[in-house]
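S.K.: Residue-level listing of the chains:
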Amino acid sequence: MNDLIIRDDLSVVGSGRKDYVTIKVEDQTLGIPVLAVHDVLNPQRITHIPLAPSWVAGVLNLRGRIVTAIDLRSRLGLPPLGDDKKSMSVVVEHREDPYSLQIDSVGEVLSLDDQLFEKNPVTLDPRWRDVSRGIYRLEGELLPILDVDRLLAFESNGKAA
Amino acid sequence: MDDLLNEFLTETGESIDVVDVELVKLEQDPNNKEVLDNIFRLVHTIKGTCGFLGLPRLESVAHASENVLGKFRDGDLEVSEHAVTVILESLDRIKEILAGLEATEEEPDGDDTQLIDHLGSIAAGRGMPAVKEVPETVEGAIVDVTLGRTLKEGEVSLEELEAVFNAAPGPGADSGPAEAEQPEPSAGGDTGGLLFDRIGGEDTLAVVAHLLAQRLGTNADLGKFFVGSSQDQRKGRVMGLMLSLFKDDLDTADNVGRQLVTVTGFGEEQFDLLLAEAKEVLVECQVDSDVADEAVMTFELVRESVITASKELAQATPNKAGKAKADTGDAAGGAQAANEPKRSNQSIRVSVDLLEELMNMVSELVLTRNQLLQITRNIDNAELAVPLQRLSQCTTELQENVMKTRMQPIGNAWAKLPRIVRDLTVELDKKIELVMIGADTELDRQVLELIKDPLTHMVRNSADHAIETPAERLANGKTEQGTVTLNAYHEGGHIIIQIKDDGRGIPVAKISDKILEKGLATEAELAEMSDGQIQKFIFHPGFSTAEKVTSVSGRGVGMDVVRSNIEKIGGTIDMVSIEGTGTTFAIKIPLTLAIVAGLIVKAGDNRYAIPQISVLELVRASENSEHKIENIKDTPVLRLRNRLLPLVYLNEVLGVMTREEIETRDAERERSDDFIVVTQVGPFTFGVVVDQIFDTEEIVVKPVAPILKELEIYSGNTILGDGSVIMTLDPNGIATKANAHVGDHEQTDKNSEDKAQQASSNEDESMLLFTAGGQNPRAVMLSLVARLEEIDIENVERADGKHMVQYRGALMPLVPASPDLKLKEDGRQPVLVFTDGDFTMGLAVDEIMDIIEQPLDIKLVSDQPGTVGSAIIDGKATEVVDVAHYLNLAFPDWLKSTDAADSGAPRDGASILLVDDSDFFRNMLRPVLTVAGYKVTAVNGGAEGLEKMAGGDMFDLIVSDIEMPEMNGLEFAAAVKASDKWANVPLVALSALANERDINRGLEAGFGDYIAKFDKEMLLRSLSQQLKIRGDAA
Chain A
1 MNDLIIRDDL SVVGSGRKDY VTIKVEDQTL GIPVLAVHDV LNPQRITHIP
51 LAPSWVAGVL NLRGRIVTAI DLRSRLGLPP LGDDKKSMSV VVEHREDPYS
101 LQIDSVGEVL SLDDQLFEKN PVTLDPRWRD VSRGIYRLEG ELLPILDVDR
151 LLAFESNGKA A
Chain B
1 MDDLLNEFLT ETGESIDVVD VELVKLEQDP NNKEVLDNIF RLVHTIKGTC
51 GFLGLPRLES VAHASENVLG KFRDGDLEVS EHAVTVILES LDRIKEILAG
101 LEATEEEPDG DDTQLIDHLG SIAAGRGMPA VKEVPETVEG AIVDVTLGRT
151 LKEGEVSLEE LEAVFNAAPG PGADSGPAEA EQPEPSAGGD TGGLLFDRIG
201 GEDTLAVVAH LLAQRLGTNA DLGKFFVGSS QDQRKGRVMG LMLSLFKDDL
251 DTADNVGRQL VTVTGFGEEQ FDLLLAEAKE VLVECQVDSD VADEAVMTFE
301 LVRESVITAS KELAQATPNK AGKAKADTGD AAGGAQAANE PKRSNQSIRV
351 SVDLLEELMN MVSELVLTRN QLLQITRNID NAELAVPLQR LSQCTTELQE
401 NVMKTRMQPI GNAWAKLPRI VRDLTVELDK KIELVMIGAD TELDRQVLEL
451 IKDPLTHMVR NSADHAIETP AERLANGKTE QGTVTLNAYH EGGHIIIQIK
501 DDGRGIPVAK ISDKILEKGL ATEAELAEMS DGQIQKFIFH PGFSTAEKVT
551 SVSGRGVGMD VVRSNIEKIG GTIDMVSIEG TGTTFAIKIP LTLAIVAGLI
601 VKAGDNRYAI PQISVLELVR ASENSEHKIE NIKDTPVLRL RNRLLPLVYL
651 NEVLGVMTRE EIETRDAERE RSDDFIVVTQ VGPFTFGVVV DQIFDTEEIV
701 VKPVAPILKE LEIYSGNTIL GDGSVIMTLD PNGIATKANA HVGDHEQTDK
751 NSEDKAQQAS SNEDESMLLF TAGGQNPRAV MLSLVARLEE IDIENVERAD
801 GKHMVQYRGA LMPLVPASPD LKLKEDGRQP VLVFTDGDFT MGLAVDEIMD
851 IIEQPLDIKL VSDQPGTVGS AIIDGKATEV VDVAHYLNLA FPDWLKSTDA
901 ADSGAPRDGA SILLVDDSDF FRNMLRPVLT VAGYKVTAVN GGAEGLEKMA
951 GGDMFDLIVS DIEMPEMNGL EFAAAVKASD KWANVPLVAL SALANERDIN
1001 RGLEAGFGDY IAKFDKEMLL RSLSQQLKIR GDAA
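Sequence lines, in order, name chains A and B. Okay, so the first sequence: first residue is 1 according to our numbering, each after it adds one. Okay, so the second sequence: first residue is 1 according to our numbering, each after it adds one.
Looking at chain A on its own, in the form it has when it is part of the complex:
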């Protein structure tokens, strides 16, 4: 159970730690709550789906389950990965359907203090603000946390993206 701490600016944060898997897309490191991650896969054979939205990389076979691959770069408005590089997959679940987030590489698992957590800066790119829960202030870099559910909630904003 986390205690609540009131900061100087009167915002309330919990005191405790949470675990995150870090991933790399382009040069940005992002965090995904460790409990949301089901699998991390090496480059897979992905079947491309013509006519699908650009941020759908295709479908892949994960031990007999069909997983829809989401191109995180495209989803976040980043340029595509170079042809010579293959993307890795982080499998998450959304409404009981498995999705794989195609990323450049996987980092490590970090246990982070809640006190390092900040809300999104208001000036953040709306595309990022949509899918970021908030940001951790790490030494040397900032770590936005991906909100997997919002990232995959295409029903509402899929067309806009």
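Think of the hints as simulated: they come from the structure by calculation, not from any bench. Even glycine gets a Cβ: it sits at the ideal position worked out from N, Cα and C. Fair warning: there could be bad hints in the mix.
[Stated by the list, open to error] Looking from chain A toward chain B, a few residues come up when the C-beta cut is under 10 Å (computed): (1) 48; (2) 51; (3) 56; (4) 59; (5) 94; (6) 150; (7) 152.
[To be verified] Anything over 10 Å on all C-beta distances counts as not near chain A; from chain B, calculated: (8) 38; (9) 93; (10) 364; (11) 411; (12) 605; (13) 654; (14) 766; (15) 830; (16) 867; (17) 953; (18) 977; (19) 982; (20) 1025.
Given the structure of chain A, go ahead and fit chain B onto it with the hints provided.
M.R.: For chain B alone, coordinates are given in the frame of chain A:
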């Protein structure tokens, strides 16, 4: 949830459903004792179990309806519609309470007093008011083996049941508080001649039964056959048997007889012994010897059933006695078990989830097996091959069997229908019979679930909207009772379900009004639609035509929901409706959704699966073969057995390549073979051009992720044997997508089957545009063109001053489409081929440009030979070609041949007035009629025609169009018939609208015949016929 409660809920739910159906049966056949007994038993079981589980509310409702049912059974009360309605109501209440129970595990609050009072008053309606039923004495309690009668409310307890069980000499496992089944003994007084009375009535019989039972138990030869039953049970059975026999109730006797012996091996010999014993006892009881003989004779009636029952019950019976004892606490359950000794032993309940799980696992197993097979195909290992083959075989069998567990008779989906129809008949005051054929046709549970609602909805619709009230039906010369027929059967890998009614059909006029009102189509569009097309608008979203909304249908969710539900599971729905006669819906659905055969094809770099069901055939097309892809402008087509098959490129539809890219690629490739998958979607057949075709594979289609649901071109995705994921294509989606590409929208999609009809109306025409001798476009009606050819100019020969070409084993004359046109020097000459009967000619043109669909409106009538006139087509002035002219050029005897085809030669010089507002048709018909020997005067409307009459002209015949501005054909005909000059001139109607309704209207207006506009031969035949009639009359 408590296991016991859970079990109770499932079982009661099922029982209620059965009672629903049975009650409706009972209402139709009130004297059917079997049905009544069945209902009674079920309701009783429900009540008994409620008491057991401590559900007072449920119990009191069940009790009250049981009371009424009891009265029915005793004959104290007649089965009436009202009573059945109230009982059905109480069943609904029970369902409500059950639903509450399921949700909260507690009985929901509610007041049932009104319902119970209602039931009470019905029970009291005739004869005695519902009294507390106390277990009665021996007499009569036995006759019905399934009987059980009640205590007063809430008093059923274990002890009591047990006590009653012991007291009641009911047969076997049957128990429960007993009640007099037979009418009071005094009621039997007026049947004095009965054997029953001559023996000495019930008192004597009781003694006889007692003695006989005792002796049977101790008899050296017979004793072993009765060891399974206690003396009381034996006594009960013997008593029951005698009562029914002596009272001539043979059905019951038969039933009881079957229960008499509980051990196998009871044969003829034993039965004779039994008779001897019975005789002896009867005599002992001072029954007159003759009467005793007669009584024993009646036993012969059940000889057969006793003996066969003994054989049949060989297995089931031995445990019965023990079971009966063990089951005393759950009397009702025991009663049921005794009645269905076989069923209970051979099936068990398995949760649906488990089956689903099993199915999933098997699907995975099949996939893995396929994978293994694929791998080992490349490895030569005999050691592995054998067990692998065995594994493969087992997997297949397992798959088949698991599929079977999911199969359920479609009757399950129908179970609620009799009740629905019955309720409707009462509510709407109609008479409707529901006929169900093929209820045992099996299909996958999942599919069954999905079609349940659509089916219910459709039957409801039929009963509510389609079937007329009895008065209406009688007025229309039908029987008072309407029939709704459900028919299910297998056909190929599909199930066909027909829902047929003999009601009023779908009113075209009303639908048309509604279409206009909702703005789904314009009046002009409607005018050119066939009745069938208009009727099919009921499948449009938001269509409900019921004049008033009843509680059963007309809630605005209509046939569109039905259609989309059926299409969702890969089914199709079709409808034929004839106004006044009835409507038939035909639903075609796949047997199962889980595993389907898929054709694996390749387009671009990816493979796709097309459901085998929608694949008609595969065609390989190449430059040099008989089949090659041709283009009309940019529309690729394939000639397939004398039909033009529209094609779509899968690459293009999927947006992988543009048409140019495909063409460039094909040009670059040396071997430019194309693979065409001929696909059918509803009535629309088209070819899908793919890069490569692999084999057919069993695939397990899984739904696509929600984000891909919007892509209607995919129906799902699947994992192939090699482990790769591929998308399964939805032919429906391809068709839609392809049409969007081509740009003629739904025209080809939904209305393609009516294309021919469209072409025949004078609104939208498919016109083929070409050039010949100059840049001006020319047009010809596509429906007249038989084929498009490109003929190698080297093959063109000259004979008899004409160009000829050998075509399909015959000589075909080649006529230039314009005097300015010069045949090409070399290469290939585009040719339009026209065929009329035996005549085939080629019209040489410079270039085939396009096919356009638009209304044909001839602006300028031409006097140039070979041209009908000029019209604006696609924004340009275009000459419309008169095909007849060229046929005549090619075959001077062509028009003569049309004469010869006439059944009767026209009189010389008979004069005809041709009334038609369309220049085109006047111009088309005039030469036809002229050549046939008529003198033709053509006018462009009814008014002008009447002027001719005023001017004193006389005609032998009038041919008139129906749809004309200002004065239509019907008005014109009426005016002609009303006149004194022309009243006797025969009238022939000519119209694009030629359905039954129009024809009748035409005949009423005074037309002697009614002919579709394009039926030239029919017209000529009719004309000579009409003239003949007139001649005969004169």
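S.K.: With reference to the structure, classify each hint as holding or not holding.
M.R.: Status of the hints after comparison with the structure:
Hint status for residue 48 of chain A relative to chain B: holds, with the closest Cβ pair at about 6 Å, below 10 Å. Hint status for residue 51 of chain A relative to chain B: holds, with the closest Cβ pair at about 5 Å, below 10 Å. Look at residue 56 of chain A: its Cβ gets to within about 6 Å of chain B, closer than 10 Å, so that hint holds up. A hinted interface residue such as residue 59 of chain A counts as satisfied when its beta carbon comes closer than 10 Å to some beta carbon of chain B; here the least separation is about 5 Å, so the hint holds.
With its C-beta approaching chain B no nearer than about 9 Å, residue 94 of chain A sits inside the 10 Å limit, and its interface hint holds. Among the interface hints, the one on residue 150 of chain A is violated; its C-beta lies about 14 Å from the nearest C-beta in chain B, farther than the 10 Å criterion. A least Cβ separation of about 8 Å between residue 152 of chain A and chain B falls short of the 10 Å threshold, and the interface hint therefore holds. Once the 10 Å rule is applied to beta carbons, residue 38 of chain B is consistent with being away from chain A; the minimum gap is 44 Å.
At roughly 37 Å from the closest C-beta of chain A, the C-beta of residue 93 of chain B stays outside 10 Å, upholding its exclusion from the interface. For residue 364 of chain B, the condition that its CB be more than 10 Å from all CB atoms of chain A is violated, with the nearest at approximately 5 Å. Residue-level check passed: residue 411 of chain B sits 34 Å from the nearest beta carbon of chain A, beyond 10 Å. Non-interface status of residue 605 of chain B relative to chain A is broken: a Cβ of that chain comes within 10 Å, the nearest being about 7 Å off.
Interface exclusion of residue 654 of chain B from chain A breaks down, the closest Cβ pair being 4 Å apart, not more than 10 Å. Taking the minimum C-beta to C-beta distance to chain A, about 30 Å, the non-interface status of residue 766 of chain B holds against the 10 Å cut. Once the 10 Å rule is applied to beta carbons, residue 830 of chain B is consistent with being away from chain A; the minimum gap is 35 Å. Interface exclusion of residue 867 of chain B from chain A stands, the closest Cβ pair being 47 Å apart, more than 10 Å.
No Cβ of chain A comes within 10 Å of the Cβ of residue 953 of chain B; the nearest lies about 67 Å off, and the non-interface call holds. The claim that residue 977 of chain B is not at the interface with chain A holds, since no C-beta of that chain comes within 10 Å of its own (minimum 63 Å). The non-interface label for residue 982 of chain B is consistent with chain A: the shortest C-beta to C-beta separation is roughly 65 Å, beyond 10 Å. Consistency note on residue 1025 of chain B: stated as away from chain A, and its beta-carbon is indeed over 10 Å from all of that chain's, at 59 Å minimum.
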